[in-house]
Each structure stands twice: as C-alpha cells, then as structure tokens.
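A.B. asks: Given next are the chains, with one letter for each unit.
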Amino acid sequence: MPSLNPQPLDDQLTDTVHKTIIFEDVAISFEGLVVLDGVSFELRKGETKAVLGIAGSGKSTMLKLCLGLIRPDAGRIYVLGHDITTMSEEDLFDLRSQIGIVFQESALFDSLTVRENVAFRLTEEKLPEAEVEQRVREVLRFVELEDAIDKLPSELSGGMRRRVGIARAIITHPEILLYDSPTGGLDPITSTTIIELIMKQRDVSKTSALLVSHRLQDGFMLASHYYDPDANRMQAVDGRPMRDVHTSFMILRDGKVIFDGTALELGRIQDPYIREYIS
Amino acid sequence: MELASPAEYAKRGVMAVQEYAALAARSLSNVFRQPRYVADMAQQADFIGVGSLPIVALTGMFTGIVLAQNTANTLQRFGSLSLTGQLVSLSMVRELGPVLTSLMVAGRNASGMASELGSMKVTEQIDAMRALGTDPLKKLVTPRVISTVIMMFFLTIIADLVGLIGGWLYSFLLLGLDTYQYWHTAYQKLTYNDVSTGLIKPLFFGFIIATVGCYYGMTTTGGTQGVGRSTTQAVVVSSILILATDVVLTQFMLQFS
Chain A
100 MPSLNPQPLD DQLTDTVHKT IIFEDVAISF EGLVVLDGVS FELRKGETKA VLGIAGSGKS
160 TMLKLCLGLI RPDAGRIYVL GHDITTMSEE DLFDLRSQIG IVFQESALFD SLTVRENVAF
220 RLTEEKLPEA EVEQRVREVL RFVELEDAID KLPSELSGGM RRRVGIARAI ITHPEILLYD
280 SPTGGLDPIT STTIIELIMK QRDVSKTSAL LVSHRLQDGF MLASHYYDPD ANRMQAVDGR
340 PMRDVHTSFM ILRDGKVIFD GTALELGRIQ DPYIREYIS
Chain B
522 MELASPAEYA KRGVMAVQEY AALAARSLSN VFRQPRYVAD MAQQADFIGV GSLPIVALTG
582 MFTGIVLAQN TANTLQRFGS LSLTGQLVSL SMVRELGPVL TSLMVAGRNA SGMASELGSM
642 KVTEQIDAMR ALGTDPLKKL VTPRVISTVI MMFFLTIIAD LVGLIGGWLY SFLLLGLDTY
702 QYWHTAYQKL TYNDVSTGLI KPLFFGFIIA TVGCYYGMTT TGGTQGVGRS TTQAVVVSSI
762 LILATDVVLT QFMLQFS
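Quick note, the sequences are listed as chains A and B, same order. One gets the working numbering by counting positions in the first sequence from 1 and adding 99 to each. One gets the working numbering by counting positions in the second sequence from 1 and adding 521 to each.
Some hints here could point you the wrong way.
What the hints assert, rightly or not - Straight line, CA to CA, 30 Å or less: simulated DSS-like cross-link-like pairs of lysine-lysine: (1) 163(A) to 250(A); (2) 250(A) to 299(A); (3) 225(A) to 305(A); (4) 225(A) to 659(B); (5) 355(A) to 660(B); (6) 659(B) to 163(A); (7) 163(A) to 355(A); (8) 299(A) to 163(A); (9) 163(A) to 305(A); (10) 250(A) to 660(B); (11) 144(A) to 118(A); (12) 118(A) to 163(A); (13) 118(A) to 355(A); (14) 660(B) to 225(A); (15) 144(A) to 355(A); (16) 118(A) to 250(A); (17) 299(A) to 144(A); (18) 144(A) to 305(A); (19) 659(B) to 532(B); (20) 710(B) to 163(A); (21) 250(A) to 532(B).
Quick caveat, the hints were computed from the structure, so don't treat them as lab data.
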C-alpha cells in the first residue's frame, strides 16, 4: 500500500510513532448543532481508552471521525501516522484495513452468514479459501461462537451478534480497534462476556482501542481486571500492583472533553458533574 | 414538520442533482478500476434479467395484442388490414418495447435497489462496508448499473419479439390475417434506424433505473419510514426520467432517420 507512507506533519512535535490516534482541536457540527467542539486527545500504542458520556455527547461521531467515515469541520486527526483529514476516500480504504470497528447494533450484513460476515475482509483480499476458513474458525473460537458459523445474523441473539461483530473486526489483526457501545442494550451477564472478550483482545494482542460506552462499569471493569490465559477468564488486578492494564478514561460533555486520565485520577476528581456521573 | 424556505428547497434540489451526478459518474468510472465484482455483476444480471423476464414478456404480449386490436380497427375502415403487422412492429420496436419494458423494470428493480441499499444504509451496513475497507460504490452500485444496462438491452429484444407474437396471435386467430403477410410486412417495413433507436434507448433507460435506484438507496435516512420513502421516490423519479429521456432521444434519433 504505497499510499500509507507516513506523511510529513505540519507540527513536528506531533508524535505519531508512539500514538495510534491523535485528535487536535477537532470540531464538527450537523445542521447547525455542534457535536464536537475543540476535542483533543491521544491514544497511545497498546492503550485502551474508555470514552464515556451521556447520549448525544458525540462519542459515536468520534469513532466515525477516526475511520474517516465523516470529516471534521475543523482540526486535525492523525491515525497511525496519517493525517486522515486530508486523505482521499481511496487512500482511506487502505488505511481502514488496519482498523477494526464493532458497531453499536453490530451492522452485520444481514444477507450473509456468520462465516461470510467474518470472512468479508479476507474474501475482498482474495485469500485462498482454505486460509479464509481456518482464520474464520480461529476468530470464531476466540469469541466462542464456532457453532454458529453457518447461521444468518437474524438467527442470532443480540449478544451473539456483538461477538460476531468483534470476530469480524479482529480477523485481520488490526492495529486499532474501535468499539461503539458494545454492551448497549444487552443484559448484565452478556455485557460482562463482551467486556471479557474486549479485555482478552487487549491483553492477548495488545491492540490499541477506543471503547465508547455510556456504562461506567464497562470502563471500570477493564481498568480493574486483566485476562488470565491459564484460567481463560478475567481476574481482578487487586494485589498485583506491577500489572498495568493500559486503560484510561475520557469523558465528553456537550462536545468537549471534560476529563482525560487514569481510573485513579478519575476517582480523585472533584468536578461536580463528573462526581455525579460516576456516582 | 418545519417548512423549508424556497431558497433552502432549491439548494437541496441542486445538492441532490450534484450528488446524483457524482454517483452516476463514479459508477461508470469504476468499470475501469480494480477490483471488479464480476460475481456480484452476474448475480445482479440474474436477478434483474431472468427475474424480470415474466413481467416483461407479459407486458410485451398484452401490448402487442392491444396494438393489433387498435390498429386493425382503424385499418379495417380503409381496407388496409394487411398493414397490421407493420404498425405493430414499428410501434413495438421504436417506442413501446423500450419504454414499457423500462417502466416495468423500473417498478420492479429501481424499487428493489432503493429498498435493499436503503435498509443497508439505515442499519449502518454501508458504513460497516466502508469501515472494512470496501468501496460500496464499487461493490454495490457499479455491478447493478452494468447489469441493468446489459439486461435492459436483451429484455427489450424479448419484449419486442413477444409483442410481435401477441399481435400475430390476435391477427391470425381473430382477424383471420395470413401469417406470412403479417410477418412479411412486420419485417419489411422496419429500417435500420427503427431497430437502432429501439435498442439504444434501453441502454439509457437501464442506466437511469440503476443509478436512480442506487442513489435513493444510498442516501436513505430516517429508519424504515425512510426506506419506504426512498423506494417510492426511486420508482417515481426513474419513471419520469425515462419518459423525459425518451422525448429527447426520439427527437435526436429522428434527426438521423
């Protein structure tokens, strides 16, 4: 992909080597309604950032901006060293192959089976059928859905669809994963399963991730637990001070970032709005 | 619902035309770009071509019969019943074959494309496709445009032929017209210009059907209600555009006759 050579940046101080996503003063509005207003943040390599905020605070818009699905009115967005605000749609298609996204309602192709959905990217790349089959089964095993391989999305429950969405996003081993409310509309037990899967991906593949959610417990679970491969389940970080789960928090309010820091910093914050939000 | 000002309404109209033109141009330019979705093209050709065959054949048959009924009724008064085949063939090949076939295909396929792509749009499947690194215009729009253009050409030939057979059945069975005379006059009076006019028109009409159907599908907003709205608009706009383009094309072709 020749178009993916890092571009020279206007701001020489912008470190795009150790950061996968950089937002610089990004603003966007739809039909006069300001959705994001001067948003700046960075996502380091291997970091998982939980983006929290009430409905309509611009969380999902932020993810679409990261993929270049929509363009900002102002500001710069760097993804894997590329200024995506100036890239053509054609070049963005190449860049997007290094990013995985799990949509709010899964956005599975409803006329394709689970196998075809998960294999979509590999089929587009025209990989041999045997390799596609092997990799599809591998990721479906990861999300514990191998038995549903021949089912259509309409035959799956909400939680299963979300897991297929995760499998589709991780099959190409992307460098960045974007989760758009992955637990939205799910029962608490299924939500925990989904968060455990996200944690597994974080700790096994060390993928950088932005997790958009309105559920504070999703972020706290990620920040306070790690995936134990021996037990094949998550474990609490308590008593293991050396373990770094590389998880931070960002809170949006009215299109602005009002907090960006660690779980510890979030616990200490005195801002009344944030205190009320996390209580 | 808030009423839009005339200026706002005009601005939206111009924007829509601009977006439609961009989509139509890209659907064509994608033909020369990789990747080419040949399998999707074949699947669409089967759905549009083979799937539309029964309605196109029935439309052609009934149109041919009605043409024979009306022309025979007039011709009989002048003692020129033998010219029935000629009038049926001219009307079918030059005008009614391409236009009626296109209107039937528009009703079936422009609506189908708008609803299918519209549903994909409102359930974020189009965004998911872009996010997965695939250009929806190349994968979804271009195969539909190419298949519709090619299939419209063949469907029109079939409609013309079935229409002529319909006219012959009526003439032979109810008017007692000689079979040889019917087919001889039907064939003899057709000129190169008649045939080319009748076969060039469906190429334009096919392009209109697919691009309008895809445009309304790809720009759908507003959930299931929006899908319904897009479907209706696709059929109405493509039908009107077909009839308007027919006027222009007929005038243009007549210059060369």
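A.B. asks: Determine for every hint whether it applies to the structure shown.
C.D. replies: Tested hints:
1. For the given pair, residue 163(A) sits about 29 Å from residue 250(A) by alpha-carbon distance, which is consistent with the 30 Å threshold.
2. For the proposed pair residue 250(A) and residue 299(A), the alpha carbon gap of about 25 Å is at most 30 Å, so the pair holds.
3. Between residue 225(A) and residue 305(A) the alpha-carbon distance is near 27 Å, which keeps this suggested pair within the 30 Å criterion.
4. Under the criterion of a C-alpha separation no larger than 30 Å, the hint pairing residue 225(A) with residue 659(B) is consistent with the structure, at around 16 Å.
5. Of the pairs offered as hints, the one joining residue 355(A) and residue 660(B) is violated, with about 37 Å between alpha carbons and a cut-off of 30 Å exceeded.
6. Taking the CA atoms of residue 659(B) and residue 163(A), the gap is about 21 Å. The hint holds against a cut of 30 Å.
7. Of the pairs offered as hints, the one joining residue 163(A) and residue 355(A) holds, with about 17 Å between alpha carbons and a cut-off of 30 Å not exceeded.
8. Among the hinted pairs, residue 299(A) with residue 163(A) is consistent with the structure: their alpha-carbon atoms are about 24 Å apart, no more than 30 Å.
9. Proposed proximity of residue 163(A) and residue 305(A) is supported: the alpha carbons are some 22 Å apart, at most 30 Å.
10. Straight-line distance between C-alpha atoms of residue 250(A) and residue 660(B) comes to about 23 Å, which keeps the hinted pair within the 30 Å bound.
11. The suggested pairing of residue 144(A) with residue 118(A) holds, with an alpha-carbon distance near 5 Å, which does not exceed 30 Å.
12. The suggested pairing of residue 118(A) with residue 163(A) holds, with an alpha-carbon distance near 18 Å, which does not exceed 30 Å.
13. With a CA separation close to 21 Å, the supplied pair residue 118(A) and residue 355(A) stays within the 30 Å bound.
14. Under the criterion of a C-alpha separation no larger than 30 Å, the hint pairing residue 660(B) with residue 225(A) is consistent with the structure, at around 14 Å.
15. For the given pair, residue 144(A) sits about 23 Å from residue 355(A) by alpha-carbon distance, which is consistent with the 30 Å threshold.
16. Distance restraint check for residue 118(A) and residue 250(A): the Cα-Cα separation of roughly 38 Å exceeds the 30 Å cut-off, and the hinted pair is therefore not satisfied.
17. With a C-alpha separation of about 16 Å, the suggested pairing of residue 299(A) with residue 144(A) holds against the 30 Å cut-off.
18. Straight-line distance between C-alpha atoms of residue 144(A) and residue 305(A) comes to about 8 Å, which keeps the hinted pair within the 30 Å bound.
19. For the suggested pair residue 659(B) and residue 532(B), the alpha carbons sit about 28 Å apart, so the restraint of at most 30 Å is met.
20. Of the supplied pair hints, the one linking residue 710(B) and residue 163(A) is violated, its CA atoms being roughly 62 Å apart against a limit of 30 Å.
21. Distance hint between residue 250(A) and residue 532(B) is unfulfilled; the C-alpha atoms sit about 46 Å from each other, more than 30 Å.
Comparing the model with each earlier hint shows violations of hints 5, 16, 20 and 21; every other hint is respected.
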